[in-house]
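*Asks:* Residue strings, one per chain:
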Amino acid sequence: MQVPILKQGDYVIASIQSALTDDDLLQLRDALVQQVGRHRSRGVIVDVTVLDVMDSFAVRTVRDIAHMTRLRGAETVIVGIQPDVAFAMVQLGLKLEGIACALDLEEGLSYLSQKTKDSARRGY
Amino acid sequence: MATEARVAIRSPSDIVTARQQGRALAAQAGFEGMDLTVVATAISEVARNIIEYAHAGEIQIQVVHNGSYSGVMVVATDEGPGISDVEQAMLDGYSTSKGLGIGLPGAKRLMDDFEVRSALGRGTTVVMRKWLRTGE
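Chains as they are written, first to last, in the working numbering: chain W, 6 to 129; chain X, 27 to 162.
For the record, the hints were derived by calculation from the structure and aren't laboratory data.
Backbone N, C-alpha and C fix where the C-beta goes; we use that ideal spot for every residue, glycine too.
No false leads were slipped in.
These stretches of chain X come out as covered by chain W in the derived footprint (C-beta under 8 Å, 3 or more residues): (1) 32-42; (2) 56-62; (3) 65-79; (4) 131-138.
Chain W extracted, bound-state conformation (with noise of 0.2 Å):
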């Protein structure tokens, strides 16, 4: 199940819709480390609001897709983190320290607007 990708101003954003196999979350890496060069977006939207769950797996791609990204130039956030997921992933012991979480699209595309005004004021 592929995931579709929204380009939208500057970002673009991936919009998990069902529950993703371990290809789907590489491909989704893939196109979104591509899409960002091709578009040449300043920052990158996961939602994962539908998956139920985040296994080691799924949260080491999430977490390559935000350093990949990051070194197309395009700063990255995962909103939508269900409460039952995030409690379910510290008890694994899995962490996404360093990488931008929101609570849902709107506080993500308000993240990146404000990250991304102020390192065009720095002069990035």
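For this one, chain W is given, so just place chain X on it according to the hints.
*Replies:* What follows is chain X alone, placed relative to chain W:
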């Protein structure tokens, strides 16, 4: 209504099937909300271990009862290389594969009972259970 499921684990997409079946059976046992996610996540990790270390195996999930308690039991079996030192494999941060070393100890933290039986060259069996908290 079936109270048992068996899922053959041969490719990473079977991991998704196993955890969805696990969630459905846990719901049938009476679990709700967070517990469903916890059971599904633990199944995902043990299924992932099968793929990473043994390449193939099976996950059995069943609704179980112990006196007035009900719960869900998950048995993950493979005929892979086995684990040479189970105690070490249960330590956080220990992993011989490309994983993050959170598989078995992580799954253990999510469940109530957790046993690993393994023989070198003969495979590994993980048995884990989660019991329903009754409103005592």
